[in-house]
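Student: Next come the chains, spelled out residue by residue.
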Amino acid sequence: MQKILNLACGSFYALGAYFGVSAVRWALGAGVPAPLFVAVLVGSGLALSVIGPLIERILRTIYGRDESLQLLLTFALVLMFEDVIRFFWGTAPQQLGGVYLVYGQVHLGSLTIPVYNLIVILAGGAVAALMGWVLARTRFGRIVRATAENREMSEALGVDIARVYARVFTLGTALGTVGGALVIPATAAMTGMGIELIVEAFAVVVIGGLGSMRGAFVGALIVGVLEAVAIATYPELEMLAVYAIVIAVLVLRPAGLLGKATA
Amino acid sequence: MIGRAALVLALAGAALVPVAVRDYYATLMLPFFGYGIALLGLNLLFGYAGLLSFGHALFVAVGAYTAATLSSGFGLLHFELILLASALVALLAAIPVGLLCVRYVRIYFGMLTLAFGMLFYSFLYKFYNLTGGDEGIRMLRPKLLGAAFGNLDKVGFLTGPYYYYSLALLVVATAVMWRIVRSPFGLCLRAIRENPEKAECVGVSVRRYRLYAFLIAAVFGAVGGTLLAVPTGLADPLLAYWTHSGNLVFMLLLGGFANFFGPILGAFVFIFLQDQVMSLTQYWRFVFGAILALLVIFFPRGLMGFVGGRVGTGA
Numbered sequence: 000m001q002k003i004l005n006l007a008c009g010s011f012y013a014l015g016a017y018f019g020v021s022a023v024r025w026a027l028g029a030g031v032p033a034p035l036f037v038a039v040l041v042g043s044g045l046a047l048s049v050i051g052p053l054i055e056r057i058l059r060t061i062y063g064r065d066e067s068l069q070l071l072l073t074f075a076l077v078l079m080f081e082d083v084i085r086f087f088w089g090t091a092p093q094q095l096g097g098v099y100l101v102y103g104q105v106h107l108g109s110l111t112i113p114v115y116n117l118i119v120i121l122a123g124g125a126v127a128a129l130m131g132w133v134l135a136r137t138r139f140g141r142i143v144r145a146t147a148e149n150r151e152m153s154e155a156l157g158v159d160i161a162r163v164y165a166r167v168f169t170l171g172t173a174l175g176t177v178g179g180a181l182v183i184p185a186t187a188a189m190t191g192m193g194i195e196l197i198v199e200a201f202a203v204v205v206i207g208g209l210g211s212m213r214g215a216f217v218g219a220l221i222v223g224v225l226e227a228v229a230i231a232t233y234p235e236l237e238m239l240a241v242y243a244i245v246i247a248v249l250v251l252r253p254a255g256l257l258g259k260a261t262a
Numbered sequence: 000m001i002g003r004a005a006l007v008l009a010l011a012g013a014a015l016v017p018v019a020v021r022d023y024y025a026t027l028m029l030p031f032f033g034y035g036i037a038l039l040g041l042n043l044l045f046g047y048a049g050l051l052s053f054g055h056a057l058f059v060a061v062g063a064y065t066a067a068t069l070s071s072g073f074g075l076l077h078f079e080l081i082l083l084a085s086a087l088v089a090l091l092a093a094i095p096v097g098l099l100c101v102r103y104v105r106i107y108f109g110m111l112t113l114a115f116g117m118l119f120y121s122f123l124y125k126f127y128n129l130t131g132g133d134e135g136i137r138m139l140r141p142k143l144l145g146a147a148f149g150n151l152d153k154v155g156f157l158t159g160p161y162y163y164y165s166l167a168l169l170v171v172a173t174a175v176m177w178r179i180v181r182s183p184f185g186l187c188l189r190a191i192r193e194n195p196e197k198a199e200c201v202g203v204s205v206r207r208y209r210l211y212a213f214l215i216a217a218v219f220g221a222v223g224g225t226l227l228a229v230p231t232g233l234a235d236p237l238l239a240y241w242t243h244s245g246n247l248v249f250m251l252l253l254g255g256f257a258n259f260f261g262p263i264l265g266a267f268v269f270i271f272l273q274d275q276v277m278s279l280t281q282y283w284r285f286v287f288g289a290i291l292a293l294l295v296i297f298f299p300r301g302l303m304g305f306v307g308g309r310v311g312t313g314a
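Chains as they are written, first to last, in numbering that gives the first Met the number 0: chain A, 0 to 262; chain B, 0 to 314.
Check each hint, because a few of them may be wrong.
What the hints assert, rightly or not - A few chain A residues that don't get close to chain B, going by computed Cβ distances all over 10 Å: (1) Ala29; (2) Val49; (3) Tyr164; (4) Val205; (5) Arg213.
Claimed, not checked - Covered by chain B, per the in silico footprint, the following chain A stretches (three or more residues, Cβ under 8 Å): (6) 135-142; (7) 191-204.
No lab work stands behind these hints: they were computed from the structure. Glycine included, every Cβ here is placed at the ideal spot set by N, Cα and C.
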């Protein structure tokens with residue numbers, strides 16, 4: 000939306016994951032019943048999104064300058080966040096054992112699926128639908144889309160651009176931190192997870208088209224399915240296949256599958 | 000004139016390093032030579048042609064892997080031949096990559112180069128039989144100008160003959176790049192950076208010139224990568240990882256891409272600063288991130304921006 004390629008979004012995700020681990024541990028220690036841990040995760044993710052406006056302040060200094068500089072500035076943030084995580088949580092993977100299966104499992108034929116996975120899938124769908132609704136139907140969404148379309152015009156019509164940007168950025172941060180917190184029960188928080196996520200998210204966004212919500216959704220599906228298929232059939236090709244698709248998309252449709260063909 | 004005196008002084012200083020200071024600092028100079036050459040190429044691309052590559056580490060890795068494969072896989076130890084082969088392989092790799100990438104500019108160029116870099120990284124990482132996976136490939140001690148220097152131990156070799164060989168290579172690479180940016184070709188690149196439409200209008204084939212710049216940068220990157228592989232004795236996949244590309248751009252910005260000697264200064268300061276900060280704290284990435292952020296926000300012209308204008312660009 001802001002035409003910012005934020006490499007640091009992966010760091011938000013990693014930070015959300017680590018923060019989520021600590022929050023749940025603390026909550027369980029304080030006597031919160033285990034089934035409520037999802038709420039704790041979401042809460043911690045939302046609480047962490049307060050760093051959004053701060054980061055946005057830093058990025059604001061270079062709006063309107065060369066986009067290459069944005070890429071570099073967010074790269075600087077990635078470096079800093081990696082060490083912030085190392086400082087607070089160390090280098091050992093942080094795991095949340097025990098709560099993952101607290102909701103039990105469902106059996107579907109020969110498959111066994113932890114209920115938590117279903118909850119996350121549903122939550123993901125709900126968030127996507129909510130984002131779609133906010134962008135398409137609400138006043139805020141209309142303003143955001145108008146601003147993305149034509150910044151000067153929106154400003155002339157009385158939109159407080161700085162505030163819109165700060166809000167959009169914070170929203171993005173919150174999605175990142177909550178997303179990071181929600182994967183935690185299923186995997187461990189590791190150093191480097193942020194950097195790896197950026198690369199995947201980058202693939203998703205490029206395939207789907209920058210600035211297209213539906214595109215990001217389609218891109219995520221393609222990348223996810225492709226990785227699963229590759230792992231099942233020919234593991235060497237996992238990331239290779241993803242990048243091959245990225246390059247193919249960039250070459251054939253630089254604006255992405257669902258992006259507007261303006262690039 | 001001041002510039003020339005500084006240059007002579009820097010060169011004399013570099014030549015004296017192995018005899019004047021501890022071996023440790025001399026071995027620190029070796030990556031500087033390698034990165035210096037790679038950054039000269041990256042600077043042609045960004046500083047002169049205006050294309051920011053976020054995947055330049057790809058070619059550094061191509062150079063290192065070519066050298067390592069030739070030395071430990073095929074027993075080819077003549078460093079001149081290894082350098083030549085690295086440059087050729089990089090050129091061959093850069094032609095298709097470049098043809099695709101130079102169709103785009105600005106952030107799309109950066110993203111596409113990043114994707115290619117990561118493509119190569121996952122290739123190096125996953126194809127264990129061919130590339131050694133995460134262990135990489137060992138790089139054997141090469142013969143310089145046919146001489147093996149068998150009587151020297153590792154440090155003696157690196158701080159002796161190999162040091163001067165690398166220094167000479169950096170000087171040659173700098174001289175070549177100096178000629179390139181001052182040639183009509185270099186002028187055309189700058190015209191393209193400033194105003195591609197106008198350049199096209201007056202008859203400069205924008206895309207072809209961008210491709211040439213990309214190819215030259217790739218060759219410089221591979222030569223730099225080859226130099227890097229010898230002191231570490233290893234070519235490993237992290238050389239192609241995107242954060243390595245980010246570090247290259249960091250060095251470039253640190254020195255100042257608006258200046259011909261900026262990248263060389265940047266490589267020098269980066270390596271010695273990294274050494275110092277790493278010995279002070281394990282959180283050196285944080286310090287470096289902060290430095291990079293301040294640079295981007297306040298001094299996008301880098302260190303060379305302080306010592307005065309656009310002396311070296313010949314603009």
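Student: All hints, please: hold or fail.
Tutor: Against the structure, the hints come out as follows:
| no. | hint | result |
| --- | --- | --- |
| 1 | Ala29 | 30 Å, holds |
| 2 | Val49 | 20 Å, holds |
| 3 | Tyr164 | 17 Å, holds |
| 4 | Val205 | 6 Å, violated |
| 5 | Arg213 | 20 Å, holds |
| 6 | 135-142 | violated (count 0) |
| 7 | 191-204 | holds (count 4) |
The structure shown violates the earlier hints numbered 4 and 6.
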